[in-house]
Every structure is written in C-alpha cells, then in structure tokens.
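UniProt numbering puts the first residue of the sequence shown at 1, with every later residue one more than the last.
Possibly wrong hints are sitting among the right ones.
[To be verified] Pair by pair, the computed Cβ-Cβ distance ranges are:
hint : residue 1 : residue 2 : range
1    : G125      : S16       : 15 to 21 Å
2    : P164      : E223      : 18 to 24 Å
3    : L19       : P164      : 33 to 39 Å
4    : V211      : R245      : 40 to 46 Å
5    : R245      : P182      : 35 to 41 Å
6    : S16       : A208      : 33 to 39 Å
7    : P83       : P207      : 50 to 56 Å
8    : L237      : A27       : 34 to 40 Å
9    : I121      : G92       : 31 to 37 Å
10   : N84       : P164      : 29 to 35 Å
11   : A103      : D217      : 30 to 36 Å
12   : P207      : G92       : 37 to 43 Å
Keep in mind that the hints were calculated from the coordinates and are not lab data.
Note that beta-carbon positions come from the ideal geometry of N, C-alpha and C, so glycine has one too.
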Amino acid sequence: MIELRQSFTNGADLVSHFLWPTLMLVALFFLRDREFGSTGFALGLLALPSILGMNAAMGMVSMSQLLTADREDGTLLRAKATPNGMRGYLIGRVVSVALGLLADLAILLIPGLLIIDGLAIGDVGSWLTLLWVLVLGLIATLPIGAVLGSLFTSARGQGLVQLPVLGLIAISGIFYPITALPGWVQWIAQLSPIYWMGLGMRSALLPAEAVAVEIGDSWRHWETVAVLGVWAILGLLIAPVVLRRMARRESGSTVASRRERALQRVG
Numbered sequence: 001m002i003e004l005r006q007s008f009t010n011g012a013d014l015v016s017h018f019l020w021p022t023l024m025l026v027a028l029f030f031l032r033d034r035e036f037g038s039t040g041f042a043l044g045l046l047a048l049p050s051i052l053g054m055n056a057a058m059g060m061v062s063m064s065q066l067l068t069a070d071r072e073d074g075t076l077l078r079a080k081a082t083p084n085g086m087r088g089y090l091i092g093r094v095v096s097v098a099l100g101l102l103a104d105l106a107i108l109l110i111p112g113l114l115i116i117d118g119l120a121i122g123d124v125g126s127w128l129t130l131l132w133v134l135v136l137g138l139i140a141t142l143p144i145g146a147v148l149g150s151l152f153t154s155a156r157g158q159g160l161v162q163l164p165v166l167g168l169i170a171i172s173g174i175f176y177p178i179t180a181l182p183g184w185v186q187w188i189a190q191l192s193p194i195y196w197m198g199l200g201m202r203s204a205l206l207p208a209e210a211v212a213v214e215i216g217d218s219w220r221h222w223e224t225v226a227v228l229g230v231w232a233i234l235g236l237l238i239a240p241v242v243l244r245r246m247a248r249r250e251s252g253s254t255v256a257s258r259r260e261r262a263l264q265r266v267g
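Between the sequences and the hints, there should be enough to build the whole structure, so can you do that?
Dropping the structure here:
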C-alpha cells in the first residue's frame with residue numbers, strides 16, 4: 001500500500017498510470033460505433049473487456065522490470081540476507097504489482113463504462129466472474145514475470161521480454177476477435193494466459209449474444225479455469241526456486257559491478 005500511495009504522488013508514476021489507459025480510451029471512443037462484420041456488435045464493445053485482460057496480463061512485464069531493477073540496485077541482495085527473505089520479497093512484489101494493476105484497471109474501466117454502451121454490468125454474476133478471472137489471471141501471470149525478470153541482470157535486456165508479450169497480445173483476440181485469425185494462430189494464442197484472461201473478461205462484461213464471435217460459440221469457463229490454473233501452479237512452483245538460485249549468485253561485488261557499469265552508461 002505504501003508503494004501504491006507513493007506512485008500516485010509521483011509525477012512520473014502518475015504519467016505511467018494514466019497515459020496507457022487514456023490512449024486506450026481514445027481508441028475505444030473511435031471504435032464504439034464500428035461493427036465487427038455482420039454480427040451487429042461494435043468493435044469498442046468487444047475490445048473494452050479484452051483490453052482489461054491485456055492490461056492485467058501486462059503485469060508480467062511490470063513484474064519482470066521491477067525484479068530486474070531490484071536485482072540491479074541490491075534490493076534482492078538485502079532480501080536474501082533475511083530469514084525467508086526471498087519468499088517474502090516475492091509475495092510482497094506480487095501484492096504490490098497486483099494493487100497497481102487494479103488501480104490502472106479502474107482508471108480504464110470507469111470511463112470506459114461511460115463511453116461504451118451495451119456492457120452487461122447490471123448483473124452481480126458478471127462482477128463475480130470479473131473478480132475470479134482477474135484474481136486467477138494475476139496469480140497465473142505475475143510469478144511468470146518474476147521468472148522472466150530473474151533472467152536479466154540489467155534493465156537493458158527487458159526488451160527481450162516485452163517483444164514476445166506484445167506479439168502474444170497481437171494474436172490473442174484483444175483488439176479483434178480471434179476467430180478472424182488463421183486456425184494455427186488461434187492455437188498458438190490459446191497456449192498463453194493472455195488469451196484466456198481476455199476471454200474471461202469478455203464473458204463477464206459482454207452480453208450473452210456476443211459469444212457468437214468466440215471459438216465454438218462458448219465462453220469456455222472451465223477451460224479458462226484449467227489453463228490459468230495450470231499457469232498459476234507452474235509459476236508458483238518455479239518462481240521461488242528460480243529466485244533462490246538467482247539470489248545465491250548475488251553478492252556485494254556483483255551489485256557494485258553492475259552499479260559501476262550503469263554509471264558508465266549514464267556518463
């Protein structure tokens with residue numbers, strides 16, 4: 001909570017919180033009256049829940065960037081020196097990033113409800129579905145971000161994380177229904193948690209008739225639970241092991257060396 005409060009009192013962090021949601025809201029505004037094929041559904045209506053899922057999935061990138069930064073400045077080394085420090089660090093980082101994402105989703109969703117008509121927001125079941133998809137999706141993706149962040153000793157390597165994630169987002173039905181893509185692309189997209197988070201969000205916020213643009217004309221809730229659950233289990237099992245092994249390689253001299261290289265790049 002302290003980090004979240006600080007991020008909303010810092011100018012650079014405020015730009016980070018509001019810039020992307022603002023850009024997405026502008027895109028939704030222009031898509032609000034454009035129909036997808038002959039379905040009668042506006043692209044803006046189909047896109048808003050998907051963008052919420054995409055933003056939540058981008059927590060992987062945020063988690064990776066923060067872990068790499070903490071490794072570079074010695075925060076991980078300090079966590080390593082305390083009892084159960086790495087486990088506490090991982091839990092703390094997951095909670096911190098999750099709270100930031102929830103704030104960003106609210107910044108996008110609340111104005112989005114005013115821009116886009118036809119969302120199924122009057123049903124308690126819709127909000128409950130949104131809640132379980134969001135919680136399970138974050139548990140599935142944030143530990144993956146921690147694993148990815150442990151692969152890099154410098155923030156300069158983060159582009160290698162962002163590019164594949166952006167590629168998956170492009171084919172995961174976020175901005176255009178996945179059924180419009182070739183079959184083999186659909187299979188690749190369905191292997192990632194990003195597609196299933198978007199599908200779950202759409203099932204929560206779209207009217208029941210919108211299922212016609214989905215694969216098999218189904219919201220596939222059980223499949224969503226299964227795929228996100230598998231990713232969550234893998235992440236929670238692998239992330240602590242990877243972080244412990246990474247922490248064993250950390251020392252005061254390696255942190256000092258990285259700081260010196262960073263200063264040389266700045267200079």
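Results of checking the hints against the structure:
no.: 1; hint: G125 with S16: 15 to 21 Å; result: violated, 33 Å
no.: 2; hint: P164 with E223: 18 to 24 Å; result: holds, 23 Å
no.: 3; hint: L19 with P164: 33 to 39 Å; result: violated, 23 Å
no.: 4; hint: V211 with R245: 40 to 46 Å; result: holds, 44 Å
no.: 5; hint: R245 with P182: 35 to 41 Å; result: holds, 39 Å
no.: 6; hint: S16 with A208: 33 to 39 Å; result: holds, 36 Å
no.: 7; hint: P83 with P207: 50 to 56 Å; result: holds, 52 Å
no.: 8; hint: L237 with A27: 34 to 40 Å; result: holds, 37 Å
no.: 9; hint: I121 with G92: 31 to 37 Å; result: holds, 33 Å
no.: 10; hint: N84 with P164: 29 to 35 Å; result: holds, 32 Å
no.: 11; hint: A103 with D217: 30 to 36 Å; result: holds, 35 Å
no.: 12; hint: P207 with G92: 37 to 43 Å; result: holds, 39 Å
Comparing the model with each earlier hint shows violations of hints 1, 3; every other hint is respected.
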